[in-house]
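Protein chains in written order, with the working numbering: chain A, 8 to 292; chain B, 8 to 292.
Bear in mind the hints are in silico, worked out from the structure with no lab data behind them. A couple of the hints might just be wrong.
Since the list can't tell identical chains apart, any single copy or any two copies may satisfy a pair.
Below, simulated SDA-like cross-link-like pairs (lysine to any residue); rule was C-alpha separation at most 20 Å, straight line [to be verified]:
hint, residue 1, residue 2
1, K171, M275
2, K171, A140
3, K171, V274
Since the structure is predicted, the reported quantities are computational estimates derived from the model, not experimental observations.
Number of protein chains: 2
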Amino acid sequence: MTDTYATLKTAELGRVRAAIRAGRYRSHTAGLGRGHLQANLAIMPEDQALDFMRFCQRNPKPCPLTGVSDTGDPMMVTLGADIDIRTDVPAYNIYRDGRLDGTVTDISDIWRDDLVVFALGCSFTFEHALQAAGIDMWHIANDTTVPMFRSGLDTVPAGPFAGKMVVSMRFVPQDRIDEVIAICRRYPLAHGAPVHWGDPAAIGIGDIARPDWGDPTPQAPGTVPVFWACGVTPQVAIENARLPLCITHKPGHMLITDIAEDAEVPVMAPGTLITTPPSQQGATP
Amino acid sequence: MTDTYATLKTAELGRVRAAIRAGRYRSHTAGLGRGHLQANLAIMPEDQALDFMRFCQRNPKPCPLTGVSDTGDPMMVTLGADIDIRTDVPAYNIYRDGRLDGTVTDISDIWRDDLVVFALGCSFTFEHALQAAGIDMWHIANDTTVPMFRSGLDTVPAGPFAGKMVVSMRFVPQDRIDEVIAICRRYPLAHGAPVHWGDPAAIGIGDIARPDWGDPTPQAPGTVPVFWACGVTPQVAIENARLPLCITHKPGHMLITDIAEDAEVPVMAPGTLITTPPSQQGATP
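Isolated chain A (complex conformation) (with noise of 0.2 Å):
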């Protein structure tokens, strides 16, 4: 029995992991598992995760870290009860010495006892809040991938880890530029407010009509290109960074956690969120 998008994408997060841990369903997870947060993904040697987490650190909006293993572990558990980073993700693809080597769907085969995984919260949070708010998505609408640019923005160096940072763009209609800033911004992470808008030359892109990865969209009347942090930006450090081994998510196939996308902490634990509205609850004095 094979899984296609369109048998998962109504179905409960358990059958969406249940397909992609048992290899039948390898494809793109956007709008899978609706609700939930997804995050990209980096696995490296323990030897440079401190030099990867100060990365994370210092460049929050491009690389908002989500969850951590614990090394050698393949368990994520502050991100689901039975997450299993060998397995429960569609495609990875394996960098060796920088270089893509390759792309599987499951790492099991080559885990090792020092690896440590990186989750990175990603744009679908965002979009989700864009689009209740009435925000178009063209690229969700017309199923292409949004378009991707290398600006001239610098990234803050940690170890071998440096670059520019990767932008994701979208036109957003002129007199809601406002109101989508202070949106993003309550999703720290899931790269925050856009780092610009407007002239696409102040952030050193030459022309919006040729993004670096992705798909060019079409400009609406009335509308203004609008640019956030995009976490290719982590892939490229990581390249630049030349590690013997590093796996990443391949680009559009997330780990789906069980996190909620609206979750204030992106942990599964007791007693860290307030999870019964305020107004809700009793109160004793």
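Based on the hints, put chain B in the right spot on chain A.
Quick look at chain B alone, frame taken from chain A:
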């Protein structure tokens, strides 16, 4: 020449930091360098740094990471143009094997090439926001220390770091609880929304009149106790870990950074923030 709290209270940040660096000011920093982010501090050998960083990532409400140094580098380059962590905090606690082994005003003589500095957000940020909204902070008005309690809530462990969550408590008018939660949620790097309000026993606190740290505060009619994750939590986890060496700030004697208190991300770097209000920016679509 000696500086006093009174002489520095209205001084610019540069003058405050110079007084601290020169050892002319050795007292608490509440209300100093107004408008700038202040930070809790934990300094430890690189051997424990990755686990501590994981502990912070897994417990972002008590341990919101705002800055991490390079190994052996005392300059906190992401938090200011010229912050030397060896001298720029009014007082430090030295822990050896998990026990307090002295309080000093300068750590230049014990600095080592393997040390990593962690700066963590603190409650001053949300207290200022609550005061600006007209919520009284009794302990500030009465120059006492906020009451803190060892709660029954577990933190999520990482390596040797573990323990109960310490919480701070402030009484809030019952009809303003929702507003307080909404305001604090805007500051994920300053402990975020409260972790609990109402019955103290529900989170394992016996007697609200007898805090484990700080001073009791009187309860005004119509108010309820509200509890926030507290920056003493990592200090307890550090004590539990019995590190050979760990240096923290002396409670209340914080690092004052160059970062604006309401900055979206706590990083001194070009291109990571929209610093001009959107409505004043030009747009060239």
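Cross-check of the supplied hints:
1. K171 with M275: Result: close only across copies, 16 Å inter versus 33 Å intra.
2. K171 with A140: neither (31 Å within a copy, 39 Å between copies)
3. K171 with V274: The answer is between: 16 Å across copies meets 20 Å, while 30 Å in one copy does not.
In the structure shown, a violation is registered for the earlier hint numbered 2 alone.
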